[in-house]
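K.L.:
Sequence:
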Amino acid sequence: LISHFSAQSRCILPRSSIRQISGSTLNSTAAPAASNPVQNEMPESGHSPTAYKGPSYERILETRRTHLTPNLLAHFKKPLVIHEGHMQWLYDHEGRRYLDMFGGIVTVSVGHCHPKVTQALSEQTSKLWHTTNIYMHPKIHEYAERLVAKFPGNLKSVCFVNSGSEANDLAMLMARLYTGNHDILSFRNAYHGMSPYTMGLTAHSTWRFPLPGVNSGLVHVMNPDPYQGIWGGSACRDSPVQTTRACQCQETCQAGDAYYKELEETFKFSLPRGKVAAMFAESIQGVGGTVQFPKGYIKRAADLVRANGGLFVADEVQTGFGRTGEHFWGFEGHDYVPDIVTMAKGIGNGFPLAAVVTTPEIAASLGQALHFNTYGGNPMASAVGIAVLDVIEEEQLQRRSLEVGTYFLKSLADLQNRFEIIGDVRGKGLMIGLELVGDREKRTPLPSPHVLDIWETCKDLGVLFGRGGLHGNVISFRPPLCVDFEDLDLVTDVLKTSFEQYMSKTPRSWR
412 LISHFSAQSR
422 CILPRSSIRQ
432 ISGSTLNSTA
442 APAASNPVQN
452 EMPESGHSPT
462 AYKGPSYERI
472 LETRRTHLTP
482 NLLAHFKKPL
492 VIHEGHMQWL
502 YDHEGRRYLD
512 MFGGIVTVSV
522 GHCHPKVTQA
532 LSEQTSKLWH
542 TTNIYMHPKI
552 HEYAERLVAK
562 FPGNLKSVCF
572 VNSGSEANDL
582 AMLMARLYTG
592 NHDILSFRNA
602 YHGMSPYTMG
612 LTAHSTWRFP
622 LPGVNSGLVH
632 VMNPDPYQGI
642 WGGSACRDSP
652 VQTTRACQCQ
662 ETCQAGDAYY
672 KELEETFKFS
682 LPRGKVAAMF
692 AESIQGVGGT
702 VQFPKGYIKR
712 AADLVRANGG
722 LFVADEVQTG
732 FGRTGEHFWG
742 FEGHDYVPDI
752 VTMAKGIGNG
762 FPLAAVVTTP
772 EIAASLGQAL
782 HFNTYGGNPM
792 ASAVGIAVLD
802 VIEEEQLQRR
812 SLEVGTYFLK
822 SLADLQNRFE
832 IIGDVRGKGL
842 MIGLELVGDR
852 EKRTPLPSPH
862 VLDIWETCKD
872 LGVLFGRGGL
882 HGNVISFRPP
892 LCVDFEDLDL
902 VTDVLKTSFE
912 QYMSKTPRSW
922 R
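Per the numbering used here, the very first residue in the sequence shown carries number 412; after that it's consecutive.
Rather than coming from a laboratory, the hints here were simulated on the basis of the structure.
Bear in mind that the values here come from a model prediction, so they are computed numbers and not experimental data.
Idealized CB from N, CA, C, for every residue including glycine.
It is possible that some hints are incorrect.
[To be verified] Okay, derived cross-link-like pairs now, DSBU-like style, lysine-lysine, Cα gap no bigger than 30 Å in a straight line:
(1) 710 / 672
(2) 567 / 527
(3) 710 / 821
(4) 907 / 488
(5) 561 / 488
(6) 488 / 464
(7) 489 / 527
(8) 488 / 527
(9) 821 / 907
(10) 489 / 916
(11) 672 / 686
(12) 686 / 710
(13) 916 / 488
(14) 567 / 679
(15) 679 / 561
(16) 538 / 488
(17) 464 / 567
(18) 679 / 710
(19) 916 / 672
[As the list claims (entries may be wrong)] What follows is a list of derived Cβ distance ranges for each label pair:
(20) 619 / 710: 28 to 36 Å
(21) 536 / 557: 56 to 64 Å
(22) 486 / 912: 17 to 25 Å
(23) 914 / 591: 14 to 22 Å
(24) 786 / 529: 13 to 21 Å
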């Protein structure tokens, strides 16, 4: 299995032996971003970063403080300045190398500065950057054909936009126009964007501004979470790793049945009968902490929504393009075909690109008035999108995601058996979450200062990952799909070291 993706032999070097770029290029006397508490071994990257020649670290901090809006929050006690990227690796301004296990928040799908994607963009920028779609250009048409070919059924019409928020915003508009209904449902703990329209769809108090009208026509239903929810069991999820909760399920998932009954109650009491516009669902919740739903639940929910006059929208912003491994789209793992699919992030490997795919009949609703997106489907974005699809197919990245992701999930499950602060391991492919708890039996979240302590140690040891969940206690693993087994062994070793250090210095009574 390992040899399938390890075409080149890799040598192992101590992290301390990685080439360092002199800080003198910064005109800065700042201390290094972090000192390494231990020496850990990192796979050879095969890439030498260029010398950094930008503004000093202090100048960057000052500019950020005085000229950038305060919503731009930097991670870590001493924020990193990332200077260069190559495939699964990132390099800071002083030449330190980090394994990127978050992929720019699930955005870098095929690898930082992937040669084929970079070449496609370079070739297109030498020909044509922008015309808007008042004139026809070939790339958007080539890309539209390639993209819709990835979808089942009659999902054959696409509208290109620039971000996930824009895509979900447009899907809300389409659903309301097509059905003539207004009410839209989403799950508590869902994240669907931060535009004024989608902010109401997002159900996280930490992502909400106190504005009037944000919740107009929006209903948040109980989140069917098999780990932290009211109901859950040991066979609920479509994952190589299950919760530690016991259940007596036979032919059907009892937790799924209970959550579905709660959804039915919402339709009975909180919605106009037969007059629903849509329901949105991430195939696996991303920002909410890699939450998977009970098997069969989403398919039944889609049937219920349609029976009440609405459309079902699959938010594939994080789970699309082979990330879940077994399928190209996350919704395929739920055994249903949605009416509208939204996508962003990995679609462009970091280039601003997003899309809404739906049926021709639903798409026709946009013909009721003029609707225009200046940059949507521009020549550069379309060229990048085509190249990303090529790389996923040529390098078998969906298969890689399944194989290395399953391997990593089982490694994390082994760590769970060793460390009591790991409450749950979950996910599919390379869409993975590890939930840290203060009390495993009660499933209480590990307090944020303790999570941040572990997070900082992992960064110092050369591994970057994200955090998710309402309490920020879920470690989010969303690396570029080009990571290999050796990289994930490094992550497992770094987590082990970090947990050992944490457990040795933190009395259990403090957790």
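K.L.:
Take the hints in turn and mark each one as holding or not.
P.N.:
For each hint, the structure was consulted:
About 14 Å separates the Cα atoms of residue 710 and residue 672, which keeps this hinted pair within 30 Å; it holds. Between residue 567 and residue 527, the direct Cα distance comes to roughly 27 Å. Compliance with the 30 Å bound is thereby established for this hinted pair. The straight-line distance between the Cα atoms of residue 710 and residue 821 is roughly 28 Å, inside the 30 Å bound, and the hint therefore holds. The hinted pair formed by residue 907 and residue 488 meets the criterion: a straight-line CA distance of about 22 Å does not exceed 30 Å.
With a C-alpha separation of about 43 Å, the suggested pair residue 561 and residue 488 falls outside the 30 Å cut-off, and the hint is violated. Taking the CA atoms of residue 488 and residue 464, the gap is about 24 Å. The hint holds against a cut of 30 Å. Simply put, residue 489 and residue 527 have alpha-carbon atoms about 34 Å apart, too far for the 30 Å limit, and the pair is violated. For the hint pairing residue 488 with residue 527, the CA-to-CA distance comes to about 36 Å; that exceeds 30 Å, so the pair is violated.
Between residue 821 and residue 907, the direct Cα distance comes to roughly 14 Å. Compliance with the 30 Å bound is thereby established for this hinted pair. Distance check on the hinted pair: residue 489 and residue 916 sit about 22 Å apart at the alpha-carbon level, within 30 Å; holds. Of the supplied pair hints, the one linking residue 672 and residue 686 holds, its CA atoms being roughly 19 Å apart against a limit of 30 Å. Distance hint between residue 686 and residue 710 is fulfilled; the C-alpha atoms sit about 20 Å from each other, no more than 30 Å.
Distance check on the hinted pair: residue 916 and residue 488 sit about 19 Å apart at the alpha-carbon level, within 30 Å; holds. Between the alpha carbons of residue 567 and residue 679 the distance comes to roughly 34 Å, so the proposed pair goes past 30 Å and is violated. Proximity of residue 679 to residue 561 is assessed by CA-CA distance (about 37 Å); at most 30 Å being required, the pair is judged violated. The straight-line distance between the Cα atoms of residue 538 and residue 488 is roughly 44 Å, outside the 30 Å bound, and the hint therefore fails.
Of the pairs offered as hints, the one joining residue 464 and residue 567 is violated, with about 47 Å between alpha carbons and a cut-off of 30 Å exceeded. Annotation: proposed proximity of residue 679 to residue 710 holds, straight-line Cα distance about 19 Å (limit 30 Å). Our distance criterion of 30 Å between C-alpha atoms is broken by residue 916 and residue 672, whose separation comes to about 46 Å. Between residue 619 and residue 710 the CB atoms are about 30 Å apart, so this pair conforms to the stated range of 28 to 36 Å.
Between residue 536 and residue 557 the Cβ separation comes to about 20 Å, which falls outside the hinted range of 56 to 64 Å. As the Cβ distance of residue 486 to residue 912 is approximately 19 Å, the hint placing it in 17 to 25 Å holds. The given range of 14 to 22 Å is broken by residue 914 and residue 591, whose C-beta atoms sit roughly 58 Å from each other. Residue 786 and residue 529 have their C-beta atoms about 20 Å apart, which keeps the hinted 13 to 21 Å range intact.
In summary, the structure is inconsistent with hints 5, 7, 8, 14, 15, 16, 17, 19, 21 and 23 from the numbered list given earlier, while agreeing with the others.
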